Amino acid sequence: MRFDPRLIHPDDAPLRADGELDLPDDLAALAGQLADDAAHLSARYPADRIPQIALAAELVDSAERIKRRAWRHAALAIGASLASVAAVVLTVSLALRNREPIDAELVTSPDSLATTVPLVAPTTVPVSLTAPPPTTLSLGELSGPEMEALFDLLQHDHERASSIAF
Amino acid sequence: MGQLNLDETARQHFARIHRAALVLCGNPWDADDLAQETFLVLSRQGNNFEGRSSLYTWLYGILLNLDRRERRRFGMRRRKLRVLWDNQLADVNATPGADAAAEVAEWKKSLWARVAKLPDGQRQALVLRFSEGLRYEEIAEVLECPLGTVKSRIFHGLAGLRRILVQEGEDARQLPAHPGEDLSHAV
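One line per chain: the protein sequences are S and E, in this order.
Under the working numbering, read the first sequence as residues 1 to 166, first letter to last.
Under the working numbering, read the second sequence as residues 1 to 187, first letter to last.
It cannot be assumed that every hint is accurate.
So, partial list: chain S residues that the calculated Cβ filter (under 7 angstroms) puts toward chain E [claimed, not checked]:
(1) Ala13
(2) Leu21
(3) Leu27
(4) Ala29
(5) Leu30
(6) Gln33
(7) Ala35
(8) Asp37
(9) Tyr45
(10) Ile50
(11) Pro51
(12) Ala57
(13) Leu59
(14) Ser62
Pair by pair, the computed Cβ-Cβ distance ranges are [as the list claims (entries may be wrong)]:
(15) Ala39(S) x Glu168(E): 21 to 27 angstroms
(16) Arg135(E) x Ile66(S): 42 to 48 angstroms
(17) Ala43(S) x Leu55(E): 20 to 26 angstroms
(18) His73(S) x Glu168(E): 53 to 59 angstroms
Hints are computed from structural coordinates only; laboratory data are not their basis.
Because the structure is a prediction, the values reported are computed rather than measured.
Just so you know, even glycine gets a beta-carbon here, dropped at the ideal spot from N, CA and C.
Work the whole structure out from these sequences, hints included.
Right, here's the structure in full:
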């Protein structure tokens, strides 16, 4: 059987020989009514005045320029604040990075602990080096409560070498 | 095209653009806004006009685009309201307007209020043909579609309009004359 394709255009409007739409009477009447209604409406409500488009366009342009400028300023401010935050973050992270190796060595390697102790030693060790010279007290001159306080001090202060002689 | 004299162009074409806007949106205030916005777009994009078509067909193109955008916005607003209140609002595609105003009532009595219920392509073709009296070739230029499509849209637009009127007639017959009226005394 021979294939015989036929193109079907169901949406095609009916046309006259001269290419004009071939409207049935009721549709032609509707078309006429539409034209009448449009004429009536535009006669009742015509454009009041011709607006000064050039002026309006200039006003709109200047308003948009102001808006654009405001956006640009806002973008600059946001950019500057972001940059300052980034700078702070960078500074802090660099500072932390400089501290981290010392802490790591302190924790991980006992050998390094030995080498690093002297670095911190001057702040802690001199306590004993700069300790005041030993003082001698005669217990006989002290009253009972004073003596009790002295014993408390001796008990709490372990770092000092103390002795009682009779 | 050289530098466009906006005020002169407005003097020449504002009335016809306003008339098309009026039948499209249904009230003089929105028509004013729409027509003015059309010319503002012209002021911004006037340099793009290459003069291959008439200036007024180009203006109609701008107007129809603005109208389509406005209707889409309005449709979205209606849908949002419907979601908010979960209430069936009548006919999302209907053209907006201040319902109480006499001007709107007059438009609503006209056939153009029914045209507003048609799909965009048919509605625009009917406006350009029967309100603005453009030739088929000019409409094809404005709507950027083939000549056959323009004729088809006009034919089917009119057929759709007839269906809407028939439907309205049937609805009117089914409604009681005065729904709230107590007729027991007349029996």
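- prompt: Between Ala43(S) and Leu55(E), does the C-beta distance stay in 20 to 26 angstroms?
  reply: Distance hint for Ala43(S), Leu55(E) holds at roughly 25 angstroms.
query: Should the hint that Tyr45(S) touches chain E count as held when the rule is a Cβ pair under 7 angstroms?
result: Cβ of Tyr45(S) sits 4 angstroms from chain E, so the hint holds.
field: Hint check, Ile50(S) versus chain E [nearest Cβ-Cβ separation less than 7 angstroms]
entry: holds, 5 angstroms
query: Would the stated hint for Ala57(S) survive a check requiring a Cβ distance to chain E of less than 7 angstroms?
result: This hint holds: Ala57(S) lies near chain E, its Cβ roughly 4 angstroms from the closest one there, short of 7 angstroms.
field: Asp37(S) as chain E interface residue, shortest Cβ-Cβ below 7 angstroms
entry: holds, 4 angstroms
- request: Confirm or reject the claim that Ala39(S) and Glu168(E) have a C-beta distance inside 21 to 27 angstroms.
  value: With Cβ atoms ~23 angstroms apart, the hint holds.
Interface hint compliance - Leu59(S) to chain E, C-beta minimum distance less than 7 angstroms: Since the shortest Cβ distance to chain E is 10 angstroms, the answer is violated.
task: Using 7 angstroms as the Cβ threshold, decide whether Ala13(S) counts as touching chain E.
output: holds, 3 angstroms
- prompt: Taking 7 angstroms as the limit, does the beta-carbon of Leu30(S) come near enough to a beta-carbon in chain E?
  reply: holds, 5 angstroms
task: Return the status of the interface hint for Leu27(S): holds when the least beta-carbon distance to chain E is below 7 angstroms, violated otherwise.
output: With a closest approach of 4 angstroms, the Leu27(S) hint holds.
task: Return the status of the interface hint for Pro51(S): holds when the least beta-carbon distance to chain E is below 7 angstroms, violated otherwise.
output: Interface hint status for Pro51(S): holds (5 angstroms vs cutoff 7 angstroms).
message: Range first: 42 to 48 angstroms. Now tell me if the beta carbons of Arg135(E) and Ile66(S) are that far apart.
response: At 44 angstroms between Cβs, range holds.
Violated hints for the displayed structure, listed by number in ascending order: 4, 13 and 14.
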